[in-house]
Each structure stands twice: as structure tokens, then as C-alpha cells.
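From first to last, the protein sequence lines stand for chains A and B.
Heads up, the final residue of the first sequence is numbered 1497 in the working numbering, and it's a clean run with no missing numbers.
Heads up, the final residue of the second sequence is numbered 1141 in the working numbering, and it's a clean run with no missing numbers.
Keep in mind that a hint or two might mislead.
What the hints assert, rightly or not - Using 30 angstroms as the maximum straight-line C-alpha spacing, the simulated DSBU-like pairs for lysine-lysine come out as follows:
no., chain 1, residue 1, chain 2, residue 2
1, B, 363, A, 1480
2, B, 363, B, 1113
3, A, 1480, B, 308
4, B, 536, B, 524
Stated by the list, open to error - Just some of the chain A residues that point at chain B, by a computed CB distance under 10 angstroms:
no., residue
5, 1465
6, 1466
7, 1467
8, 1469
9, 1470
10, 1471
11, 1474
12, 1476
13, 1479
14, 1483
15, 1485
16, 1490
17, 1491
18, 1493
19, 1494
As the list claims (entries may be wrong) - Rough simulated footprint, nothing fancy, chain A against chain B, three-plus residues with beta-carbon under 8 angstroms:
no., stretch
20, 297-311
21, 1048-1060
Calculated from the structure, these hints are not laboratory results.
Here a beta-carbon is modelled for each residue, glycine too, at the ideal position from N, C-alpha and C.
The lines below spell out each chain.
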Amino acid sequence: VCCGFLEHVRGRVPDDAEKAALTAALENVRLQEASL
Amino acid sequence: VRIHRLRISGFGPFAGTEEIDFDTLSAHGLFLLNGPTGAGKTSVLDAICFALYGSVPGARQDGKRLRSDHAGPSQEPAVSCEFSAQGRRFDVTRSPAWEKPSARGKNGFTTQQAKTLLRERVDGTWVEKSARNDEAGAEILALLGMDREQFTRVVMLPQGDFAAFLRSKATDRLELLQKLFGTERFEAVEQELSRQAQAAKEKVAVLSGQLELLAARAESEAATLQLEEADGPSRDILAADNLGADTMAGRLEWLKEGAAERRRELAELALAAGSASQERIRAVEAETALRGRHRRLEEATTRQAAVQAALPRLEDLSRRLGRHRQAEVLAGQLRSVDAAAVKVRRAADAMESAFTLLGLAAGEDPELGQLELGPAHHATLDVDGPALVPGAADELNRLRSLLAVVEARLPDEDRLKMLRSKHQQLTAKQHELTASNTALDRRVEALLDERIRLTSGLEALEGRAGAAALRTKEATAAGELLDVVRRHAVAVAARDAAKLDHGRSRENQLETKRRWLDVREQRLANAAAELAAKLVAGEECPVCGSAEHPSPAAGDGGGPGLEQDEEAAHQLYEAADAEFARASQGLAEADQLVAVLAGQGGGTAMDEAVAGAEEARGAAADAEQAVGELAAARARLEALEAGIAAAQGSRASAEAELATVVSSLADLAEQSTSLDQALDGLRAGHRSLAYRLRALENAAAMLSKAVEAQAAFVSAGAQAAEAREQLELALPQSGFAAAEEARAHLLAGKEAAVLEAEIRSVQDEAARVAELFASDEVVLALEETAAGIEMDHQRLPALQADAATALQEARDADVAVGLASRCLESLTAIAAKYAELAGSARGPAEHARMLSGLADAAAGRGDNTYRMSLNSYVLAARLEQVALAASERLVAMSDGRYLLQHTDAKAARGAKSGLGLEVVDQWTGHRRDTSTLSGGESFMASLSLALGLADVVQQESGGVEIETLFVDEGFGSLDEQSLEQVMDALEGLRDGGRVVGLVSHVAEMKQRIGMQLQVLKGRNGSTLRISEALDTPV
């Protein structure tokens, strides 16, 4: 969803580093949800 | 998933235990969950959610206590749910953590941990699957295929919220949709990206700060070297760009080279200063050596003069020491002669003293006064001393012989003492025996008197004791008679009482017999009436056998009661007759007893019998006493006989012993007299032989000392003569004419050693001075003096001051070189560290830039051409998905008339929200905003959206079939037409066996839907009730 969003709003596919950063952010959010 | 049963205890608003049978509720496929606001409709759904997942949905979980406030203090909160999923049936019971009142403390609580029990029905019985919270949760999650949030969205359709979404404007829909779709996660992702970007930026800032710090340190280090700034790159580059690390590296390189150049220059200067300093130091050393040489020359000259001055005294000392060595040959003999003379003198003094004491003692001691010592004469020895006494030794021998004789007779004196002591003892024994004989005589006399007295009283006692047996027998007979008299009196009284009893019972027997006969007579008189009373019409008479009873006899009123009266009277008579027989028997027995006792003497008067018994008892007691006294008198008589015999025996033996003692006394007197006479001569006037012996020992000791002293004197004189003879023999060889001359040259031990040491000291000093004059330094000093080179005291301080100055300059130069080296090292290290840090900072900077770009894009900034946030994008996508699913539902509900369509409506500030929705009327082809829909249409559209959301979630979670649905309709009132449409729509949901629970308090719904689960609100909490209206069309 996040990669699709970036492609939609910027007109280009995110590179590997950006994908990794998005994955990490999502993972963090999941961890926060789990800890709640 | 289908819910079958729910049991709620002390949970939410429900204080007690409520049980819902969903199978009953679901009989018609649709039921209504209704109740007043705040009664706990939502809590029923919460209870299902809690039973399955252990927690209640999202927002309701916060700040809400699961346990009912109305529940009793010790009631455990619990929810139990029976459900089926994937063709299997389960029962889960959960209890949240709660505070239970402590059993021990009044005010204390103990925390009860949350509990879970999951069971499965296998072959008709429940089998436990898990009792652990986490394990049961995982099991249920796997069975349902969706998490709590997904389950909540699918099972509890928030249709009312969708209705609100449809009615609201496009610009206000974001918040509503976010709540409906649960896309908070993407908003959180936006924030997370922003946070990460900020963190990365801060990290880069920290690295930049470290780089700046390093650059500042490098500048500070280089400042001490004062490099020419005009030649190097500008230092302002630091401020211009923090990440311009390459430029800064060039500047650092330039600083390093400058520092190295400065270090080389300073090193050359330090080398030159060091050489100059060394030269000055060498000049100071040369001057110091010259001063040392000339000082030693002066010292050697002074010591040589002192040795020359001491030479005459040295010669005299050597001569004295030589004569001493000659005399030392005779020293042994001289010491022997001197020692022998001293010994002779001492022996003479001792002898003189011993004989003087002997003379003085002779005046007092008769033993010494009787000594015969003979005339004194001088010995033939060549020594001065007292005259010798020739008879002393003989007298000493005589005294010692006498001493032996006296000593030998000492035991006789002890024997005499023993004989006298024994004599005294026997004399005392004689007196004692005499007194004892007198006492024994008196005792025999007293015993004889007592025997006479006892014998005279014995006859009377024997008379009294002889009648004792007879008296005892008489006393027994008198006692027995008294007993018979007493028993006879008692028997007479008993017989009198029996007579009275007999009379009374006789009268009673006669009276009762009379009464019985009276009643019997009366009954016989009424016999006809009694028989007539027992006749029954149609039954035979027992007397005549007729079945007809035309004239039964009439009684006088006694009737059938007379039969019972007669029976009672007869029983009374029989009882009285039996009592009379018993009294007669008693009287006969009493008469017999009185007769027997009278035959035994019972008729005797009581006073007479008592007096006779008393008298007989007294006579028997007196006779018994006499028997006792007689026995005692006889025993005493026997004892007296024995005592008399013993006393007489003792008297005879004492007499014999006395005679023996008198004889022994005479023998002892004779022996002691003869022994005393024999010892008297040896005592020589002393009190005893022991005293004589001690006097003789003293005299012998004194004489012995005198004799020994005389012998020592004679021996010392002989030794002195021999020593003198030896000395005379040695003299000719020693070089001295007389012994006294040799003695004069002989020095004391210490004096000779001192002389020798002094001589050796002067000789050693002379040798050392000679050695000194031969040394290289003194020889060189002599040559320099000869050449005119002398010591100059002013020259050395000037040279030393020059050397100190040069040394300080050299050290300063070395310090400057050291500083430059350290500066160079620091710059090198800083440059290396700078390069390393700059290298490691590149990655983070890139990362920070990338994160910043992502965060901006997610928030609708930067290169985000749509200015649309991630959250909005996700919501729009989800709405599009849900609208597509909802359209299918709506088409079916509206008979193919309406479609829902997603639009890309604008949001605030020109941003694209993508959250627009419109309804397409396929009959007319017109598009309408959803806010223009009527009540029923709006219900259908929102229910379609709710179901569309459920469909999407269901698909995402793996397509698990949801068989129990709750629809929270959230409407106000509906008109008739709308209600029809709504009911049709709800009717359609039941297709496929699905159970739909409608949460509503719309009055029309209550009338339409017969099967209802009512939540009743009360002061003590809420309760649940299932009601069913049988005539309801649904």
C-alpha cells in the first residue's frame, strides 16, 4: 500500500532503500500496536 | 462462525448471571436487541468479544472496568460463550483480572489473575483444549481467522456510522472513515516516518557537531605554531558548509605540512644550541679538574710536613716497646710468684682466724675446753705466718671417735622413753579397771533386787490371766442375746403393721365384691334392652332368629354402658382379692418370725440384756490385760537373769586383767631404772644424749676447720717457694739482672697496644704521603706549578654562569621542538579522525535525506504532486474497495435501481481527498449525492456499505463465513415506506441461514420483530430477557 502510494503521488517507483525504510517504519508501528 | 450461547456473570452492567440462548433467539433468523440507552446493549456485544479475544473492542477498552460495579464483593466476573466454527463446536470461558476481598484482612484485597478455559465438544462430551490465556487466544485466532478488530468490524456492523458518513459532507468524511476502516496504522506510519526523519537529522547534526569540534581543535593546535595564514586555504569554510568535509580535509593537510616545516626549523636551532652548551660544560669541567689537582698537591705537602715532625717521638716509642717485649718473657713466672705470695697470705689469715675462734669457744664449751693441743711452733717453711699447733689433728680424731660412740647409744635413749610411756599407760589402765569393778558390783546388786520384786508379783497375775478364755466366751454370749432381743422388738412391730394391713385389705375385698355383684345384678335386669339395641333391620335376631323386629325391648336408660361397668367392677374386685391374699401371707410370715426369736430368748427385757452384755465385756477386757502383763513380766525376768550372768562374767574377767597389769608395771619399772643408770655417764651432764651429740659435733666442726686451715697454709707456703725457684732459673736468659728490673720494663696490656698503634699510624701516613706524591694528578700539578699555572678562584664561577645560560637555551630549543612534534602528531590524529568521521557521516546524511523525503511525501508535502497524505490515500483506496462490494449489495436490495460510486472529491486547501461517494439511479441515469437519499434508501445504502466492509474484511481474513451478525442501525424513526424497505433489506440478510441481530430502539422495529433480546435497566444493574411475540409476521 505504501509503495503504491509513493508511486501514485510522486510518479516513480520507490528504490530499495526507501522500501526498506517504509518496511522498518511499518514494523515499528506494528510493534507499538502489539505493546499497547 | 455462529454463536450458540452466551453466559455473563458480574460483567459490565450485569450484576448477576445472565444467559442467552442464541439458538432460541435465532429461530426466525432475525432478532432485535433492544433496551433503553445505557442499559447495556453494547455490553452484550462486548461480552462476546471478551469471551473470544480476552478484551473488548478498541476505544471501549480504555478506562473501563470489565467487572460490574453492581456485583457482590466476592463475585467473580466471567463470560462464557459457546460457538461453532469450521464445523467444530467450542466453549470458551474467560474471567478478567479483578481484586477479590482478602479472606484474612478486613480491608485488604488480593488480585485474581485473568483466567481462560477453552473446551471442544467431542462425541457429546466437553474436552479441555487449553487453560492458558495465550494458548487459548492463539487457538481461537486460528479458528476464526481474524483478529479482534477485524472480528468487531465484521460481526458488529456499525451501520449507523456509515449512515452518518453518507449524510456528512465530503470534506468531513476523513475522520468518520478512519474510524470505520481502522486505518490509524497508516497515520501512525506517517508519524513514524516523520519521527525517524527527525531522528536521522539529529544524528547527522551530532556528527556535524563532532566534525566542527575536530576542526576547531586542529585550528587551536596550529595556532601555537603561528603559521602564515596568507599561504593557506581559508578557515571560513567551516561555517559555510558542515558537510564540506573535503575542503576541510585540504585545510587540515595544509596545517599538517606547516607544522612539519616549523618542527624542522626548530630542530636545527636546538642542535646548534646543544653544541654550544656542551662546549661550555667541557670548559667548566677542565677548570674544576685543575682546581682539584692543585688542592690535592697542597694537602700532600701539608701531610708530608706533619710526618717529618712526628719522627723523633716515633724513635722513643719504638725503644720502649722493645724493652717491654724482652720483659714479657718473664711475665709468666713473675705472675706465678705474685699469686703464690697472695695465696700464702690468705691461708695464714684463715688459719689464724680459725685458731682464735677455737680459743674463744673453749671458754664456753667444755668439750673444747678439754682439748690437749700441745705447744705451738713455727714451721720450716720460708714464709711469714702464724706458729703451727701439732696436736690438733689427734684431738680431732679423738672427738670423732667419741661422737660415734654417743651416736650408737641414741636408740637406747629412745627405748627408755618408750618404757616410761608404757608404764604411764598401764598405771592409767589399773585405775580404770579398779573403777569398773566397783560399778559392776553395784549393777549385779540392783538386778538381783529387781528379780526378787518381779517373782513376788507373778503369782497374782497368773490367777487373773487363767480366767481370760472363759470371760471372752461369756462376753460373746451376752452380745448375741442383746442382738436377738433387738431383732425380736423389730419383728413384733412388723407383725403389728401386717395385722393392720391385713384388716384394711380384707375390708376392701369385701367392698369391691359387693359393688361388682350390684352392677351384675343391674345388667341382668337390662339384658333384653341390651339385646334389642344390637338388632339390625333385615338381620336375624341372635335370640329368636327372626329377621323382623316389630317391638324391641326398651331399657331403663343404662343401655350398653352396663356391660363395661360390670367388667370394670369385676377387675377392681379381683385386684382387691389379690391384695388381700398378699396381706394374709405377710401376716403369717411375721407371726412365724416373732415366735422363732422368742424361742431364742428375745423375750428378755432390753435393760437387763444391755447391762449383762456390758458387764461381761468389762470382765473379758480385764482378763485380756492380765494376760498381757504376765507375758511382759516373764520376758523381763528372763532378761534380768541374763543381765545378772553377764555382769558377773564381766566382773571376773576384769579382775583377771587387773592382776596382769600390776605384774607388767613391776617389770617396766625395773627395766627403765637399769637403762637410765647406763646412759647417765654418756650424757656427761647434758639433758640427753642428743644434746651431748650436738655439742660434740660443734666442737669437732670448729677443730676440723682449724686443722684444715693449718694444712692449707702449709701447702701454700710450699707452692710459693717453688714459684720463686722457677723465676730464678729463667732470669739469666732474659737479659735482666734482677726480677724487679724486668718487672719495671713490663708495660700494661693496653699501654703496649696503644704504643704499637701510634707507631703503625705514623708509618702508614708516611707511606700514603709518598704514594700521593707519586700519583699522576700531583705530578701534573707539580709540573703545572713549575710552568707557572696556578689556581684562579674567580675563573670557575664565570665559566659556570656561561654554561648554565647555554644549557637553558638548548633546553628551550628542545621544548619548542617537542611542542611542534606534539602539535604535528595531534594534527595528524585529528586529520585522520576527521577523515574517518566524515566518511562515516556520509551514510547517515544520505539516509536522513531519504527519510525526510519519505516523511514529506507521506504527509502530502515535498515532491508529493497530489498533496495527498498516506492516510487519505489508504482511506480512499479502502472506500473504493468497499463501495464496489457495497454496490453489489445495494443493487440487489433496490431491485437493480441504485449503485454506489466512488469519486475523487477535493479536500481542504486543494488537496485531493479521494473520499467522495455518490449514488447512481440506474432507472433515471442521474447521479445524486448520498446526503439526498430518503430514510429507507439511506438505510439500504449504509447497510450495503457496512456489509461491503464486512465482505472486504472477510476476504482479507481468509473468507471465514460469518453466520451471526449484529447490525447497529442507529436510526431515528422511519416512515411506513422506509420501514418496509428496511425490513425487506434485513429479510434478505437471512439468506443462507445467517442470524442477524438488530440493535435498535426504534418503536416500529419492536412491533415488527417478534423475537427480542431485551436489556432491562435497574437500580442494581441490568438484566436480560428473551421475549417472543408469536403473532409477529417476521
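Identify whether the interface hint at residue 1466 (chain A) stands, where standing means a beta carbon of chain B within less than 10 angstroms of its own. 5 angstroms, holds
Hinted contact residue 1476 (chain A) with chain B - closest CB pair below 10 angstroms: 9 angstroms, holds
Given hint residue 1493 (chain A) near chain B, where the shortest CB pair must fall under 10 angstroms: The hint holds - residue 1493 (chain A) has a Cβ within 10 angstroms of chain B, the shortest such distance being about 7 angstroms.
Within a Cα-Cα threshold of 30 angstroms, do residue 363 (chain B) and residue 1113 (chain B) meet the stated pairing? 93 angstroms, violated
Tell me whether the statement that chain A covers the stretch 297-311 of chain B is true, taking a Cβ distance below 8 angstroms and needing three residues at minimum. Satisfied; 3 residues make the cut.
Proposed interface contact between residue 1474 (chain A) and chain B, which counts if any beta carbon pair is under 10 angstroms: 13 angstroms, violated
Go through the hint on residue 1471 (chain A) and say holds or violated, using the shortest Cβ distance to chain B against 10 angstroms. Because about 5 angstroms separates residue 1471 (chain A) from the closest Cβ in chain B, which is inside the 10 angstroms limit, the hint holds.
With 10 angstroms as the cut and Cβ atoms as the points, is residue 1483 (chain A) at the interface with chain B? Check passed: Cβ of residue 1483 (chain A) comes within 7 angstroms of chain B, closer than 10 angstroms.
Is the hinted pair residue 1480 (chain A) and residue 308 (chain B) satisfied, with a Cα-Cα distance of at most 30 angstroms? Roughly 19 angstroms separates the two Cα atoms, so the pair holds.
Would the stated hint for residue 1494 (chain A) survive a check requiring a Cβ distance to chain B of less than 10 angstroms? 7 angstroms, holds
Within the assertion that chain A covers the stretch 1048-1060 of chain B, do at least three residues meet a Cβ-to-Cβ distance smaller than 8 angstroms? violated (count 0)
Using 10 angstroms as the Cβ threshold, decide whether residue 1490 (chain A) counts as touching chain B. 4 angstroms, holds
Hints 1, 2, 11 and 21 from the list above are not met by this structure, while the remaining hints are.
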